[in-house]
Structures are given as C-alpha cells and as structure tokens.
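Engineer: Below are the chains, spelled out letter by letter.
There are 2 protein chains.
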Amino acid sequence: MIRRILYDLAGADPALRFSPFCWRTRLALAHKGLDVETVPWRFTEKDAIAFSGQGRVPVLVDGGRAVHDSLAIALYLEESYPDRPSLFGGPGGIAATRFVNAFADTVVQPAIGRMIVSHIPDLLAAADRAYFVASREARYGKPLAAVTADREATRVAFRASLEPLRVVLGAQRFLGGAAPLYADHILFGGFQWARCASPFELLADDDPVHGWRERMLDAYDGLGRKAVRA
Amino acid sequence: MIRRILYDLAGADPALRFSPFCWRTRLALAHKGLDVETVPWRFTEKDAIAFSGQGRVPVLVDGGRAVHDSLAIALYLEESYPDRPSLFGGPGGIAATRFVNAFADTVVQPAIGRMIVSHIPDLLAAADRAYFVASREARYGKPLAAVTADREATRVAFRASLEPLRVVLGAQRFLGGAAPLYADHILFGGFQWARCASPFELLADDDPVHGWRERMLDAYDGLGRKAVRA
Numbered sequence: 001m002i003r004r005i006l007y008d009l010a011g012a013d014p015a016l017r018f019s020p021f022c023w024r025t026r027l028a029l030a031h032k033g034l035d036v037e038t039v040p041w042r043f044t045e046k047d048a049i050a051f052s053g054q055g056r057v058p059v060l061v062d063g064g065r066a067v068h069d070s071l072a073i074a075l076y077l078e079e080s081y082p083d084r085p086s087l088f089g090g091p092g093g094i095a096a097t098r099f100v101n102a103f104a105d106t107v108v109q110p111a112i113g114r115m116i117v118s119h120i121p122d123l124l125a126a127a128d129r130a131y132f133v134a135s136r137e138a139r140y141g142k143p144l145a146a147v148t149a150d151r152e153a154t155r156v157a158f159r160a161s162l163e164p165l166r167v168v169l170g171a172q173r174f175l176g177g178a179a180p181l182y183a184d185h186i187l188f189g190g191f192q193w194a195r196c197a198s199p200f201e202l203l204a205d206d207d208p209v210h211g212w213r214e215r216m217l218d219a220y221d222g223l224g225r226k227a228v229r230a
Numbered sequence: 001m002i003r004r005i006l007y008d009l010a011g012a013d014p015a016l017r018f019s020p021f022c023w024r025t026r027l028a029l030a031h032k033g034l035d036v037e038t039v040p041w042r043f044t045e046k047d048a049i050a051f052s053g054q055g056r057v058p059v060l061v062d063g064g065r066a067v068h069d070s071l072a073i074a075l076y077l078e079e080s081y082p083d084r085p086s087l088f089g090g091p092g093g094i095a096a097t098r099f100v101n102a103f104a105d106t107v108v109q110p111a112i113g114r115m116i117v118s119h120i121p122d123l124l125a126a127a128d129r130a131y132f133v134a135s136r137e138a139r140y141g142k143p144l145a146a147v148t149a150d151r152e153a154t155r156v157a158f159r160a161s162l163e164p165l166r167v168v169l170g171a172q173r174f175l176g177g178a179a180p181l182y183a184d185h186i187l188f189g190g191f192q193w194a195r196c197a198s199p200f201e202l203l204a205d206d207d208p209v210h211g212w213r214e215r216m217l218d219a220y221d222g223l224g225r226k227a228v229r230a
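The listed protein sequences derive, respectively, from chains A and B. Quick note, the first sequence lines up with residues 1 to 230 if you use the numbering used here. Quick note, the second sequence lines up with residues 1 to 230 if you use the numbering used here.
Think of the hints as simulated: they come from the structure by calculation, not from any bench. Treat each hint with caution, since some may be false.
[As the list claims (entries may be wrong)] Beta-carbon label-pair distances, calculated as ranges: (1) A:D207 / B:E214: 34 to 40 Å; (2) B:A179 / A:D207: 32 to 38 Å; (3) A:G64 / B:A171: 37 to 43 Å.
All figures in this text were calculated on a predicted structure; none of them were measured in a lab. Each residue gets a CB set at the ideal place from its N, CA and C atoms; glycine is no exception.
Just need the whole structure built from these sequences, with the hints factored in.
Structural biologist: Structural data, given as structure tokens:
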C-alpha cells in the first residue's frame, strides 16, 4: 500500500491542527476518500519539508511525489484520482473555483486573521512562538494584541463581506451545489482555523453562513467537528 | 426560423444599451452563437414585458418561451442548447459561478452604481427620468449627485475589492480559463454598464483587470467595444 503523508501545521499540542490551508487539503482528501497520515509540523521545522522546495504547509507526499500549496494539491488530486468524486465538477468548476480561492485568500482569511491572530502564540511550541510573533507583527506593522483590539468592528465588516456566500446559500446548500465541492473546503478552512484557534465567535446564530458551517462540520463523518480545539 | 427576442434596456437614444444584466445576457447569447433581435425597452414600459410575470429586463423570448433574470436565462440557454459552447463548463462550474454572480451583484455593481448613477438620468427618455430618479433616490436615501460626490473614494475601495479577480487573472486570461465563460460575462456586464453610461474611468491602465476588460471588449467579434456610449 502506498503511504500518503500530509505535513500539517500543529500547536504545542500535536493534536491541535489549525492551519486554514491544511484544513482545505484534509477535506479534499476526505472528499476523494483517500486515507492520509498527518504529520504534525511546526513553523520552524523548515528542514522537515525542505524536500518540497519551499517552507510552508500543506505539503502532501503521495507515493513518493511531493506537492505543496493547497490549490495545487487539490488540482493534483483531481488529476491523479479522476475516478474518485470530483472536487471541482468539471473544467468550468476549476476555473470558477479559482475565484472562490482568491476571495478566501484576499477577503475572508485576512479578516479572520485580524480577529484571532493574538490568540495563536499561546497555542504554539516555544520555538514557534517567537517566530510567529516576529513574522506576524512585521506583516501587520503592530503588536498582535493591537491587531485584534478592533475585532468587534472587524466582525461587522467581515459579516458584510460574506454577502456573496449568503446569496449562494439562499439557492443551494453548499457552494458546490447539493453537496460540498472544493469551493466549500476552501472557505470552510478559514472558519475551521478560527474554530480551532480562538473562542471568538465569527457568525451570528441566524446567519445562513452559520448553518452552512454546521453542515460542513458534519460532512465527511464529522471530520471538522471532531477536530481538537484550543 | 424561430424568432428570438431580447428586451434590452435603452436610453432616450434607442441604440444606447447600458443595463449590466442585459449585457450579461447579450454576451451569453453570443457565446452560444445564437442570433437575437434586441428590442429597446424603457424602465416605464412595464406593460411590454408583463407577459413575463414581472417588470425587469433582461427578458428573453425564445421560440415562444419567456425567461427573465440574467442568471436564469444563462441556465436556460445552457440546458436548451447543450451542443453549443458551454457557458459554465460543467455542473461544478454552474455551482461556483453562482458565487461570482453573487459577488458581482453585491460587491462590484453596487460600487459601480455609486460612481456613475448620477450620469444616468441625462441618458433617459423623459418618462423614464422621473421614475429612475425617484426610485434610485429612495434606494440610496439621498440625491444622486450626493451618491457620486464621493466617487474618488469609492473608486479606491472598488479597486481594492477587485483583488480576487486580479489574483485569478494572474493565473489565467479569463475567469473561465483560457477563454471566457459566463463568469466573465457576469463581471464584464458591470464594467460595460459604466462604459456605456459614464465617462468616469473605473480602472488604472496598468491594472490586470483593465487588460481583461480589453480582452472582453474584443471578444465575440468586438460586441462590447462596438456598443454605443453616452
């Protein structure tokens, strides 16, 4: 049997897995019905994934082949396992899902980061903590506590920014239609990041996006719901 | 030969066609290679399209069947003309394109409206002008000149909101991939609305979105570029 390994960002507790990008990949693997062994990986363990030619996770090793970048992994899985359930629903699905991917990367996840990032250092192993704080404070240009100080206001704007998702969920149960596709995995990854790393609640109970997130938590035998939370 | 008619929003000049939703449909028909006779229609001509059961355009009459709502029309064309070039590239494309549609409807076009709406009354036939000003001022809660007074600031935010599109256009020439699909028609509709109705330039020359808009203007034998402008 081929060994399939996913390098998956972990906290000080190796069972705590909170990377939004790794969650996209874990759901994509589950969608394809592919078993995987996840290896806990820390931000500072660049050497452990140097074989992939870069320093970030997810990195999937599948039968000796290494693939990195969550979208590249999804495209690789789609091409390599065409007889398994599709992640995109055809070539037009791949093209349009790139837009969902870009929306998650440039709108949704940056906003989530501004609400939860100050909770993350406490979850990390000591070596990672210094790396994380220094690199993120450089990115934001301020202390992490200052980034999330405005999180109530950020949440108002965040909820407004989800309006396109809300409109779609008025017409169908998932972004992928009647069942989830990779577009759902993408957006769910950000919500799962927040759920695993922070107690701050992103959504109102009566938001249709909340209902969708519940359905996503239950999908794939409750893979998301079973996740360890901080 | 079956007569195919599109009721298409027009200005006082019947050749001036500026509805973003009607542009989506015109491009979709061109993509399918389907001839259509466009009928100029004014906001106040509700009686002329009452047969469709509602009062807005686009309304497509295809072989005696009436279909309204731009997305419903695109889905109708995809189902009715499966042997013509696909608008969605498969079922996953339909699902994910709904997200692009919702993004255009809730993010892109509302922002474009706040930059150009005060230019529209001057383009309209007299009867339409009073209707348009009253209904839009009620919607915005202020005079139309006040809506667009902040258009320079709106444009800054608008350009930032296009970042997901910009990211996708870094990977492929169109939202649909190597060639346009309905996702491109959707977003182009908003830009064409602005181009036909207003001299206000939405994009910087060096924006990848500008390059995409140029390609869309040239697509389908220059259908968009040939359009009459105010």
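Engineer: Taking the numbered hints from earlier one at a time, note which ones the structure violates and give those numbers from smallest to largest.
Structural biologist: 3
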